[in-house]
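Q: Okay, here's what each chain looks like letter by letter:
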Amino acid sequence: MFHVLCKLSNAVFSAIDGTPTQKAFIPHMLRDLIKLEYRSEYLKEIVYRWCSVIYEKRERLQDWESLLLVCLEIGFRHLDFRTEFVKTWLPHTEHHRGLVDVVFESQESESIADLLHAWTVKHKYHRPAHELLDSCSAHLAGLHDLVPFSPRLWRLVIRSVELIGYKGFEGLGVERFIGLLNHLHVTVEDMDDKYNWGKLLLDTIQSSEGTQHLSHWYWELLVELAASEYPLESTSMDLLTEQGAPPNSRRLRIDLAHSLQIITSLTEAKEWGKLECWMGIVWMLLPEELDPGEGDLGHSMTLLFRQRPGAVQKLEQWMERWSQTAGKDVPESFKQAHKKGHEAAQRDGP
Amino acid sequence: MYASLIISLLAAFVAMLGKQWLNRYLRNSGGSMIERCGDRQRKFNGLKKWPLHFFVESLPVMLQVALLLLACGLCQHMWSINTPVACTLISLTGVGVVFYIGIVIAGMSSYACPFQTPASMALRDPWKKVWRRIVSLIVRSKRVLSRTHRMWERGVRSLLHRQSQLTIPLEVVQVDRPIRWLDPEAFAIIRRTNADDARCVSWILGDITDPETLDAALLLAGEIQWLGCGVDLRPIFDLIITMFMSCFDPTRILYPGSRDRAYYSARAMLWINTLMMFHNRLQRIHSFIPSGKYTTQVPDPDLEHLLGFISLDWGCSSDIKWLLRINPGCTPLHSQWISNLLLHYFQTIVIKIDPGLVSRAHEIKTTPLNAKLNHLLIWCTFLGSPVESEVLMIQNKSYAISYVCSSGGSLLFYQWLHVPCPM
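Sequences listed follow chains X and B, in order. Be aware that the first sequence starts at 85, since it is given in this note's numbering, and climbs by one per residue. Be aware that the second sequence starts at 3, since it is given in this note's numbering, and climbs by one per residue.
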């Protein structure tokens, strides 16, 4: 298979520069390859190279856009979208960036999934194509309004968002990104790297639009991530996903002053459900050396307990769970603030 | 010298006994055909059970030992009488010993060597083991070297990739380099075996009348690369046509029991015809086949596919389309053979056909991998890259696959791309 594919690859390269008759055979051959049941690992790499060359020499080819879509289909449609790793290394070039417009403008959900699969797969020694994925962010943000999500596309969009991160979408308007997130309704099981998701959700929440528009589901998801210590899970791609950062530093942290601002805005908006989650997140993720004391945080807790009595027990349970998984004691300051808040809420009533 | 004399006499004695034993074996005990066959089989079983071959094969060894002892004794005896004559004898004995060692080594190194001796046969297996060990040591040391090289490159690559991912120059992506399909040695073996097969089949078709042997030769005749083997194809082709015609009655209906003969001779005819086309560029020799509609009494997709093709008005463009229309009921072996024929066919002429026909031939579920590989190679031809002659020599393309797998396909792939292997 290997030799034959190499031969075919050479033939395609020469046919692109060849006579019109030879060029006319290219689409037929590509459509024939789609039917090939046994697809060697090399075929994926070979068609990915063809994509680059077809895009580079697009002026010499008729209907080059459809050729690109067929190439992606040959290489990636048959793969199991749940697998993160591939054996062959895909050689990304500047020409591959041209695929973004072609594929997203086709509005074919499976073709978009093919492209995202190509750029999100990992190789043992190579990171996914972050630079190329970043150029998809503008299209991804509004994708759910244009294309129906198949399970495959849905899973691959989740993986792409995880790899691009909040910063890739920040410049495009956070509202659109939050719309996509709310549509995706991600669960812990859908995440490949929980640390990246925790960071993404924290960044989103800390933006003004995120505090308002991010669905309650994600606030609870972030509590789940923080309480379960998922972000500290070591993965084989640690060194590659977090450039230069050793695995031990993969820990979510938040800033107290910023947290208090979010508490204030949530209190003003009377978003008690979100406030309950945020309170838990703050206590779990605040650096140990920082003692939040009883000031604003204690006051907010009292207000929360008064408006939402169920939060007393929920917060206690989350902290207990966090203490067990992280192997740390529940901070004394939390215990005191919780106790005082609970007593005050009981005394004053709702 | 005396020992030599005794051994010679002993050899003569054993030879006489052997002659006596073989006479007994060949003696006909009479009776019916079945009784004689049974008696012969009993004697043959006895021969295999008792080591008669040991005595027979020991005769030349005894004579060789006797000759060596005689030469040594004579040399020693002459040394005390006449030194110059002794020197001549010693040098002649030395030449004889060197010659014997030479034929032992020749017989040991190749089974096909005609100079086989008991010593070469006995030493062949131990020698093969030693040789394999030497080869494995060389291969292992090569692997260690390449692994060290890869580890070094991996380190460099990982450093480079942290800096940037889009580092692949386009000339590497578009690389168009010649592919070495087979190791030159493997290719030489295939060529040699093919030439041997061609001569062998040519001889069988001309001189042998045993039906089973003829059928086997016809099967092979449809797969051999006949050209360039020094065999005159015209008489062979005539013989095959005669055999094909003898399978049908005057109304061109297949005789019962002639299926295999008809199928394999039809295959051989088409194959030789295509090869001749390939060689002479459109000078077909199929006009010698009597035209008409050949039919079978029972449904047989493989044979019907070939007969349908033969029944066509050969030379028109519809014949190739017929070949491409493989019935889903055809066997995988037939599909593979047809794909190989088509691969040769399209090397010869570029016919204006609907590319969809090639695709449809590919779609059939029973199409084996080898046939699919042939279809991909046909696409290469359509795209303007004819297939190399060494590829056409390979009937079974999976041979190339196994060759690559055993020699590290991924490494070869990166060598082909002229980029360092990331693994």
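No lab work stands behind these hints: they were computed from the structure. Just to be clear, a hint being listed does not mean it is correct.
To be verified - Listed next, with one range per pair, are the computed distances between beta-carbon atoms:
hint	chain 1	residue 1	chain 2	residue 2	range
1	B	Leu335	X	Pro104	32 to 42 Å
2	X	Thr167	B	Thr244	53 to 63 Å
3	B	His55	X	Lys171	47 to 57 Å
4	B	Asp240	X	Thr105	33 to 43 Å
5	B	Val233	X	Pro104	54 to 64 Å
6	B	Thr195	X	Lys171	29 to 39 Å
The structure presented is a predicted model; accordingly, all values stated were derived computationally and were not measured. Don't be surprised by glycine CBs; every beta carbon is placed ideally from N, CA and C.
Q: With reference to the structure, classify each hint as holding or not holding.
A: A quick look at each hint next to the structure:
1. Judged by the Cβ atoms, the range 32 to 42 Å given for Leu335 (chain B) and Pro104 (chain X) holds: they are separated by roughly 38 Å.
2. In this structure the supplied range 53 to 63 Å holds for Thr167 (chain X) paired with Thr244 (chain B), their Cβ-Cβ distance being about 60 Å.
3. Checking the proposed 47 to 57 Å range against His55 (chain B) and Lys171 (chain X) shows it holds: the Cβ atoms sit about 54 Å from each other.
4. As the Cβ distance of Asp240 (chain B) to Thr105 (chain X) is approximately 39 Å, the hint placing it in 33 to 43 Å holds.
5. Taken as a hint, the range 54 to 64 Å is violated for the pair Val233 (chain B) and Pro104 (chain X), whose Cβ atoms sit roughly 42 Å apart.
6. Separated by about 35 Å at the C-beta atoms, Thr195 (chain B) and Lys171 (chain X) satisfy the suggested range of 29 to 39 Å.
Violated hint: 5 only; the structure is consistent with all others.
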